[in-house]
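Join these two chains into a complex; the hints should help.
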Amino acid sequence: MQKEIIIAGFGGQGVLFGGQVLAYAAMDTGKQVTWIPSYGPEMRGGTANCTVVIADDEIGSPLVKNPPLAIALNLPSFDKYEPLIQKGGTLIVNQSMVDRGPKRDDIKVIPIPCNEIAEEIGDRKLLNMVAVGALLTALPELAIKDLEKALEAHLPAKHKNLLPKNYEALKKGFELAMSLN
Amino acid sequence: MTREMWEGNQAIAEAAVRAGLEAYFGYPITPQTEVLEYLSKRMPELGRVFLQAESELGAINMVYGAACAGVRVMSSSSSPGVSLMLEGISYIAGTEIPAVIVNVMRGGPGLGNIAPSQGDYNQAVHGGGHGDYFPIVLAPGSVQEAVDLMGLSFDLAEKYRAICMMILDGNVGQMMEPIEMPEMRPVQRKDWDWAVRGKGDKERRILSSIYIDPAAEEVTNFRLLERWRQIEANEVRYKEYFLEDADFVVIGFGTAGRVALSAVRAARQKGIKVGLFRPITVSPFPHKVIDELANRVQAFLVVEMNSGQMLEDVRLSVKGRVPVEFYGRMGGIVPFPDEILGEIERISSEGVKTGMHPRDAWFERMVAAR
Chain D
48 MQKEIIIAGF GGQGVLFGGQ VLAYAAMDTG KQVTWIPSYG PEMRGGTANC
98 TVVIADDEIG SPLVKNPPLA IALNLPSFDK YEPLIQKGGT LIVNQSMVDR
148 GPKRDDIKVI PIPCNEIAEE IGDRKLLNMV AVGALLTALP ELAIKDLEKA
198 LEAHLPAKHK NLLPKNYEAL KKGFELAMSL N
Chain S
447 MTREMWEGNQ AIAEAAVRAG LEAYFGYPIT PQTEVLEYLS KRMPELGRVF
497 LQAESELGAI NMVYGAACAG VRVMSSSSSP GVSLMLEGIS YIAGTEIPAV
547 IVNVMRGGPG LGNIAPSQGD YNQAVHGGGH GDYFPIVLAP GSVQEAVDLM
597 GLSFDLAEKY RAICMMILDG NVGQMMEPIE MPEMRPVQRK DWDWAVRGKG
647 DKERRILSSI YIDPAAEEVT NFRLLERWRQ IEANEVRYKE YFLEDADFVV
697 IGFGTAGRVA LSAVRAARQK GIKVGLFRPI TVSPFPHKVI DELANRVQAF
747 LVVEMNSGQM LEDVRLSVKG RVPVEFYGRM GGIVPFPDEI LGEIERISSE
797 GVKTGMHPRD AWFERMVAAR
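Protein chains in written order, with the numbering used here: chain D, 48 to 228; chain S, 447 to 816.
Misleading hints may appear alongside valid ones.
Unchecked claim - Listed below are the simulated EDC-like cross-link pairs for lysine to aspartate or glutamate, each with C-alpha atoms no more than 20 Å apart in a straight line:
1. 127/D with 784/S
2. 112/D with 784/S
3. 605/S with 672/S
4. 112/D with 785/S
5. 134/D with 785/S
6. 196/D with 75/D
7. 212/D with 195/D
8. 196/D with 450/S
9. 207/D with 195/D
10. 134/D with 784/S
To be clear, the hints were calculated from the coordinates, so they are not data collected in a lab.
Looking at chain S on its own, in the form it has when it is part of the complex (with noise of 0.2 Å):
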C-alpha cells in the first residue's frame, strides 16, 4: 500500500469516513476544525449527513438521536466544546447505545488556549458526564495510530453499546505524517435488536436513560459494568520500547509518549537502561501490565502535559512497591526531549526519594528550576 501524507485532524475524519461514518455532528473549535472542514465537504459528496450544529448541546444530542437509530455516527470538538457536551455523552452511555466522540485536547482549564495539552485525561477516563458509567478512551499518539484507532471506535462502541472517545492533542492533530489509510468499509445499518428505526411489525421498542425505580436503574448499572469488566479483559492496548532489560520504566500516553520515546532513546545511548510503555487505550487502563513490570523495575517516570492526571493511576497499579516519579508541563506547554532526558539522568544517578507524593516532588523541582 503507498503512503500518503495527512494532517492528523483530516486522516482522522477520512479514516472515520472509511470506517462506514453516515451522520456527523459537530460544532468547529479550535484546534479540530479541521475534522468538521473536511467532512462538510467529504460527507455529501457521498451522500451522508453532515450537519454543523447550533453548539455543542446540539450537537451531541443529534449524535444521541442518530445513534438510537443505530447508525455509525461520531461528533469531535476541543476541551471546553467537550465539556459542554457532557450531559448528552452520559444521556448516551445510560441509554447504552454506542457513539464516538474525538477530543482535540487543548490548554485549560476554563477557556485556556489553544496549544496542545492532556489536561482533559481525567474528564475523559474517570467519568466527565454524571452518573455510573465507563467510558472507552484510546489515546493515539501518531497520524497512523489515530487514523487505525478511528476505525477501531466504531467498532468497539458498537461491540460493547458504550461511548468511545478518542483524546489527541493539537500536536497529532495538526502535524502532518506519512500514513497508509485504511480501505474504504461500506456503510452498513446492522440490523441490531436496540435499534430504533420504526416499529413496523415488530416489537415496540423503547430508547431511554430513565429508570424512575432505583431497584431498575441498578440492574442497568449491574449490565453497564457486565459489559465493563469485559471490555477491561479484552481491549487493553498499549506499546512497549527497550523494556526487556530496563532498570526502570518512562510511562507516557500520546504525545508526551513519543516525545518520551526520544529521551529514552538518547539515555539509551549513555549507557541508561531505561524503557518505555506507552498506553494506547488509557481506558481501560494497562493495570495488569503496570502491576507486573513493578515487579521487576526500580522505579518509574510519568510524563504528561497535565499535572500528574494519569499519575494517579499509575500509582494504583503499582501500590507502592516501588518509587513513582513524575514530570509534566501545563497549559499547552510540549516538554522538549531533553527536560525529560534531565529527569532520566537524574533518577538514574541520584535514585528516588520516597516518602512525598511524586506530584509534591516535581512541584518543589519546578518551582526551585524557575
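Just chain D, with the same shape it has in the complex (with noise of 0.2 Å):
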C-alpha cells in the first residue's frame, strides 16, 4: 500500500498542520510516512502545499508530480492541482474559496464549504480539519479516530482545550462527504 496526498492553499489556512495530523496518524498506526513542505516566501499569505506519502514499506519519492488524493483550499490551488490528480483519484475543494465547478469527470471532485463549517463550529481556523476529515472518505488506511488520537497525543499542551471542536470538525467534514458521495 502507498498513498500521496497533496494538501495546498494560503499560508495560514493550516495546510501544513493538516498534513501534518495525517503524518501523525500514519505514524502511530505503524505506517512509513514522510510529509515534506513547500511554501512561498511569506508565513502568511503566500500559497503553501505539503505531501504525505503513507505506505506500507520504505517510502521511495517525498514528492509526487500525480497524487491520487488531494485538497485545495483555494482557488489557484484548484487551478493547480485538479489537472494533476490521478485518473480515478479524489479532490477535496474548499468550496468557501473557489467560484467554479470541476472541469475533469474521471475524478472525484468533493466540494465542501470549509470556511462555513468551521465558522458554524465556532472557529474558522479549523477549516483545514473539515477539508482533512472529507479526505478520510478516500483514505479507509485512516479512520477519524486515528486522527483524534493523533491530535490529541500531538496537539501542544496550551491548545489541547481545543481538541473537541477539532474532532468536531473532521467529523463534519466526513459526514459532509459522505452524503455527497
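Written as C-alpha cells, this is what we have:
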C-alpha cells in the first residue's frame, strides 16, 4: 500500500498542520510516512503546500507529481492540482474559496464549504480539519478515530482545549463528504 | 523503541547532542538554520557550548580550536557557507584532528537559491579545501539515516583523526519522518594522545598544519594517506535494492537515490529487471562493489541532482565494460519518479548508445525535450 496526498492553499489556512495530523496518525498506526512542505517566501498569505506519503514499506520519493488524493483550500490550488490528480482520484475542494465547478469528470471532486462549517463550529481556523475529515472518505487506511488520537497525542498542551472542536470539524467534514458521495 | 516524528534538520541536531556533542559553532543559512535554532536552545540547557559566530570563517576556526582540545565539535552550513569554511577545513585536515561538518546543500553555483541540490558532491568528495587530504563523506537519504550517520560521523572522525562531512539536501533537512532517536551518550573527553589541553606535568604537545620542511610535510601526507587506505578498506557503506536478478542498475545517492527507488519499483511492476544501488558513503566511494556489479549487469543509469558529478566516479568503477547513462536535474530541481522511470524504460527498450560521454548524451536529450 502506498497513498500520496497533496494539501494546498494559502499560508495561514493550516495546510502544513493538516498534513502533519495525517502524518502523525499514519505513524501512530504503524505505517511509514513522509511529510514535506513547500511554501512561498511569506509565512502568511503566500501559497503553501505539503505532500504526505503513507506506505507499508520504505518510501522512495517524498514528492509526487500526480497524487491520487489532494485537498485544495483555495482557487489557485484548485486550478493547479485539478489537472494533476490521478485518474480515478479524489480532490477535496474548499467550496468557500472557489467560484467554479470541476473541469474533469474522470476524478471525484468533492466540494466542501470548509470556511462556513468551521465558522459554525466556532473557529474559522478549523477549516483545515474539516477538509482533512472529508479526505478520510477516500483514505480508508486511516479512520477518524486515528486522527483524533493523533491530535490528542501531538497537539501542543496549550491547545488541548481545542480538541473537541477539532474532532467536530473532522466529523462534519467526513459526514458531508459521505453524503455527497 | 517508540517512533517520533522529526524534521530532518532538528533531528540531526538532537542526534549530535545524543552522540556527545560538546560544542557547536555556526552561522545561519537556509536551508539548515533549524540546526542552529535547535542547538541554540538545547546546548545551553545541557550546559554545553553553542556559539553563533560572526561568520562561517569564524565558526570553522572555532571548530578548529575546539577540535585541537579533543572535544566533540561540529558545524553545519549550506553550500555558499561551506565554501567559506574550506580554508579552515583544510587546516583541520592538515592538523590531523577530528571534526564533523554538515552541508545541507542548496541550488548553485554562487548565491543560487534555497532549493534542494546535490551540486556540492565534487567539493565534498574530491577535496574542496587545498592540499592533499581525503574527507569521509556520508550521504543520508532519509531522516532516520541522517540521525544514524550523525552519531557515526563523530566516531569515524575520531577514529581516523579526519574530517567527516555529512552532505544532505534541503529535502532531507526539511521533511518530517518517523524515526527512532538513539539513546543519549554521555559527553566524554577521551584522553587523546594528541589533544592540547595544557601541558601540566606531561610532555609538551604541538598541533599545527605547518611543515616548512617539504620532507616533513611528505611524511605527514603519507600518514594521512595511510589512514585513508584504512578508511577505504573498512568504512564503505551502501544500500542495495532488487539487485539479485537485475539486468541493469540505477545508481543515486541521497534524495536522488530515494526518488529513483520509486521509479525502480514502478519499472519492476512493468516487468523491467532493474535494480538500485544507493551509496551511503560517497567518500570512500563503493568502487569495488560497482566494479563487481559491472561484471554481471548490462548497463548503469546514474541519477543526480547536479550535472553528473558522482557520474565520473561510477565511470571509474565501471571502466568502460558496460554503458553508463546519466539523468540529472540541476539548479534546485528535484526529479519526479516518472522522469527516472522514462529513462529506465528508454534504456530497457532501446538500449544505450555507446561512444558518447553520458553527460553529453543527457544534455542533448534535455535540449531536444525543451
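Evaluation of the provided hints:
1. 127/D with 784/S: holds, 19 Å
2. 112/D with 784/S: With Cα atoms ~8 Å apart, residue 112/D and residue 784/S stay inside 20 Å; holds.
3. 605/S with 672/S: Holds, at roughly 13 Å.
4. 112/D with 785/S: OK: residue 112/D and residue 785/S at ~10 Å, within 20 Å.
5. 134/D with 785/S: With Cα atoms ~19 Å apart, residue 134/D and residue 785/S stay inside 20 Å; holds.
6. 196/D with 75/D: holds, 9 Å
7. 212/D with 195/D: holds, 11 Å
8. 196/D with 450/S: holds, 15 Å
9. 207/D with 195/D: holds, 12 Å
10. 134/D with 784/S: holds, 16 Å
Hint compliance for this structure: no hint is broken.
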